[in-house]
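Q: Listed below are the residues making up each chain.
There are 4 protein chains.
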Amino acid sequence: MIQIFTTGGTIDKVYFDANSEFEIGESLIPELLTESNIHDGYAIHDLMRKDSLQLTDTDREAIREAVVGSAAGQILIAHGTDTMAETAQALSAITDKTIVLLGAMQPARMRRSDAVFNLGFAWSAVQLLPAGIYIAMNGEVFEAGAVRKNLKAQRFERI
Amino acid sequence: MIQIFTTGGTIDKVYFDANSEFEIGESLIPELLTESNIHDGYAIHDLMRKDSLQLTDTDREAIREAVVGSAAGQILIAHGTDTMAETAQALSAITDKTIVLLGAMQPARMRRSDAVFNLGFAWSAVQLLPAGIYIAMNGEVFEAGAVRKNLKAQRFERI
Amino acid sequence: MIQIFTTGGTIDKVYFDANSEFEIGESLIPELLTESNIHDGYAIHDLMRKDSLQLTDTDREAIREAVVGSAAGQILIAHGTDTMAETAQALSAITDKTIVLLGAMQPARMRRSDAVFNLGFAWSAVQLLPAGIYIAMNGEVFEAGAVRKNLKAQRFERI
Amino acid sequence: MIQIFTTGGTIDKVYFDANSEFEIGESLIPELLTESNIHDGYAIHDLMRKDSLQLTDTDREAIREAVVGSAAGQILIAHGTDTMAETAQALSAITDKTIVLLGAMQPARMRRSDAVFNLGFAWSAVQLLPAGIYIAMNGEVFEAGAVRKNLKAQRFERI
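Sequence order for the protein chains is A, B, C and D. For the first sequence, the positions run 1 to 159 when the working numbering is used. For the second sequence, the positions run 1001 to 1159 when the working numbering is used. For the third sequence, the positions run 2001 to 2159 when the working numbering is used. For the fourth sequence, the positions run 3001 to 3159 when the working numbering is used.
Bound-form chain A, shown alone (with noise of 0.2 Å):
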């Protein structure tokens, strides 16, 4: 069983008319895996909806009780791609399972996006990872603590 933990981030922004803007809404990830043939096998969890230039201390140490609380060997944490490294590391001391960290640079809901590339891209990864804390981008598994986020090339990359 995978445990999917969303926090929000780019991969589930919604845009509302009536503000002019983005925010971030439901989930889209449950439709997605309904369109990839994928209807059982997880459980799926709504700890926050932020951008994770806004997460704080405090925010990093509910995700960490609720992965640690988790019975499930294996976690998908859907967060936004500009703090992922920084959560990745404050999940670092858990040695027991499997978690994968997924975001997107382009929301789910857009025409063209990652999104479902990297949703595919983690749901192997956590299958496959022994126990530990990894990042899953652009095409890639990194390990919590030596990744980063490169701004201007809007990749992820080894450190």
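Hints were generated in silico from the structure; no laboratory data involved. Where is the CB? At the ideal position from N, CA and C, for every residue including glycine. Keep in mind that a hint or two might mislead.
Below are the BS3-like pairs computed for lysine-lysine, each with C-alpha atoms no more than 30 Å apart in a straight line [said to hold, decoys possible]:
1) C:Lys2050 / B:Lys1050
2) D:Lys3050 / D:Lys3152
3) C:Lys2097 / C:Lys2050
4) A:Lys152 / D:Lys3050
5) A:Lys50 / A:Lys97
6) D:Lys3097 / C:Lys2097
7) B:Lys1152 / C:Lys2050
8) B:Lys1050 / B:Lys1152
9) A:Lys50 / A:Lys152
10) D:Lys3050 / D:Lys3097
11) A:Lys97 / B:Lys1097
12) B:Lys1097 / B:Lys1050
13) C:Lys2152 / B:Lys1050
14) A:Lys50 / D:Lys3050
15) D:Lys3152 / A:Lys50
16) C:Lys2050 / C:Lys2152
Per label pair, the in silico range of CB-to-CB distance [as the list claims (entries may be wrong)]:
17) A:Lys152 / B:Ile1159: 48 to 58 Å
18) C:Leu2151 / D:Thr3058: 49 to 59 Å
19) B:Glu1157 / A:Thr95: 26 to 36 Å
20) D:Ile3044 / A:Asp96: 50 to 60 Å
21) C:Gln2154 / D:Ser3092: 33 to 43 Å
22) B:Glu1026 / D:Asp3057: 44 to 54 Å
23) A:Glu21 / B:Ile1159: 48 to 58 Å
24) B:Glu1026 / D:Gln3054: 39 to 49 Å
25) A:Glu21 / C:Leu2151: 41 to 51 Å
26) B:Glu1157 / A:Pro130: 20 to 30 Å
27) D:Ile3044 / B:Glu1143: 47 to 57 Å
Fit chains B, C and D to the known structure of chain A by using the hints.
A: Structure of chains B, C and D alone, referenced to chain A:
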């Protein structure tokens, strides 16, 4: 470097109004990879454009030769789902590469499709699995020789 | 009130993997109207699900009867493009309603399709045109009896 | 020949991850027309890229001048929905052209959007309506001076 071979299958079907039907067209995989923020690290080669029910022993031998002749150690094969298990078996003697067969139940060109998820899933699997032949469908990894397509359930399952 | 009759055609083709082919499915038009912020002011009725090359005189008579029997003064008919001109001719004796035939070269369920544009185009045409029979395709309005589908160019044109 | 002027608005908003927000980008209208099987018969010119709440009297004068200076008798103006009615009023002295303002509640680049339907709807309206200034939204044609955007209901309505 990931080597992609395309052989046809539902994943790359295109609708041709002139013929009132779907036919296999140019692979959409490069476009999907670009949308998913993947711009290098792979090569793609179109071997054939066949519905997998039409693949012959000669076709499977051509696929096998292409795989064996590739310098890449990680190989993705886009393939029709109907006889994916047969082709996987035909490759089973190859022991020094990680080979993942992927396909889709709905063409990648549809608004709702499992194609992009499957591509992301396979992209991760081919990087993480040890040498061997695998099928990556409906969010699971199957080993060649131990999998079949359940036509009624429209899913792949272990045997 | 706009009355919509669906008769089949490419616009509502669905891909069925089990049969390795497309078939005409439930009309996507209600879903497309909802996505386009149109929630009322119309009724929709499925008359048949046929490729227009398979429409018979009996089918065309059934379409004619449905149109004549409708209380609506504005009627849209979703129809395959191949024999749209023939069906338009079969309705030409009806002088007290605005009837617009629409279809698509690519199924509405494809990522790239003319279906939604054509639906919007026809939605306006049926409200603005005087009583008569029309075909609305490739961004133009054609009068019944003065139009044909140019198979080579894959467009409708005046004759 | 239909002349299209783009001025910005939700319809052409793009998501920029670097800024964590949506901004108005290059108009998607030419790509949407191509997907809709329309390849000629129009010219398109980008006047500005503004959210319509930011349009000034100077901007509206620039729009008016562009319309008056165009040789075309049929003009489409892509525009933000918030002040579409105001711009329509600013053009009301022009009596020798058919001018239709169109926009969208969801960016054209979203998977679910009213943009393509609205474009098709306006494409027909500008060809069929007599000279005058109109707003084409939520599947209806409104005359300038007799329409407003109902923010609560998120629709345009007659006044």
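Q: For each hint, tell me whether it holds in the structure or not.
A: Results of checking the hints against the structure:
no.: 1; hint: C:Lys2050 / B:Lys1050; in the structure: 27 Å, holds
no.: 2; hint: D:Lys3050 / D:Lys3152; in the structure: 23 Å, holds
no.: 3; hint: C:Lys2097 / C:Lys2050; in the structure: 24 Å, holds
no.: 4; hint: A:Lys152 / D:Lys3050; in the structure: 26 Å, holds
no.: 5; hint: A:Lys50 / A:Lys97; in the structure: 24 Å, holds
no.: 6; hint: D:Lys3097 / C:Lys2097; in the structure: 28 Å, holds
no.: 7; hint: B:Lys1152 / C:Lys2050; in the structure: 26 Å, holds
no.: 8; hint: B:Lys1050 / B:Lys1152; in the structure: 22 Å, holds
no.: 9; hint: A:Lys50 / A:Lys152; in the structure: 23 Å, holds
no.: 10; hint: D:Lys3050 / D:Lys3097; in the structure: 24 Å, holds
no.: 11; hint: A:Lys97 / B:Lys1097; in the structure: 28 Å, holds
no.: 12; hint: B:Lys1097 / B:Lys1050; in the structure: 24 Å, holds
no.: 13; hint: C:Lys2152 / B:Lys1050; in the structure: 26 Å, holds
no.: 14; hint: A:Lys50 / D:Lys3050; in the structure: 27 Å, holds
no.: 15; hint: D:Lys3152 / A:Lys50; in the structure: 26 Å, holds
no.: 16; hint: C:Lys2050 / C:Lys2152; in the structure: 23 Å, holds
no.: 17; hint: A:Lys152 / B:Ile1159: 48 to 58 Å; in the structure: 49 Å, holds
no.: 18; hint: C:Leu2151 / D:Thr3058: 49 to 59 Å; in the structure: 51 Å, holds
no.: 19; hint: B:Glu1157 / A:Thr95: 26 to 36 Å; in the structure: 33 Å, holds
no.: 20; hint: D:Ile3044 / A:Asp96: 50 to 60 Å; in the structure: 58 Å, holds
no.: 21; hint: C:Gln2154 / D:Ser3092: 33 to 43 Å; in the structure: 41 Å, holds
no.: 22; hint: B:Glu1026 / D:Asp3057: 44 to 54 Å; in the structure: 51 Å, holds
no.: 23; hint: A:Glu21 / B:Ile1159: 48 to 58 Å; in the structure: 51 Å, holds
no.: 24; hint: B:Glu1026 / D:Gln3054: 39 to 49 Å; in the structure: 43 Å, holds
no.: 25; hint: A:Glu21 / C:Leu2151: 41 to 51 Å; in the structure: 47 Å, holds
no.: 26; hint: B:Glu1157 / A:Pro130: 20 to 30 Å; in the structure: 26 Å, holds
no.: 27; hint: D:Ile3044 / B:Glu1143: 47 to 57 Å; in the structure: 54 Å, holds
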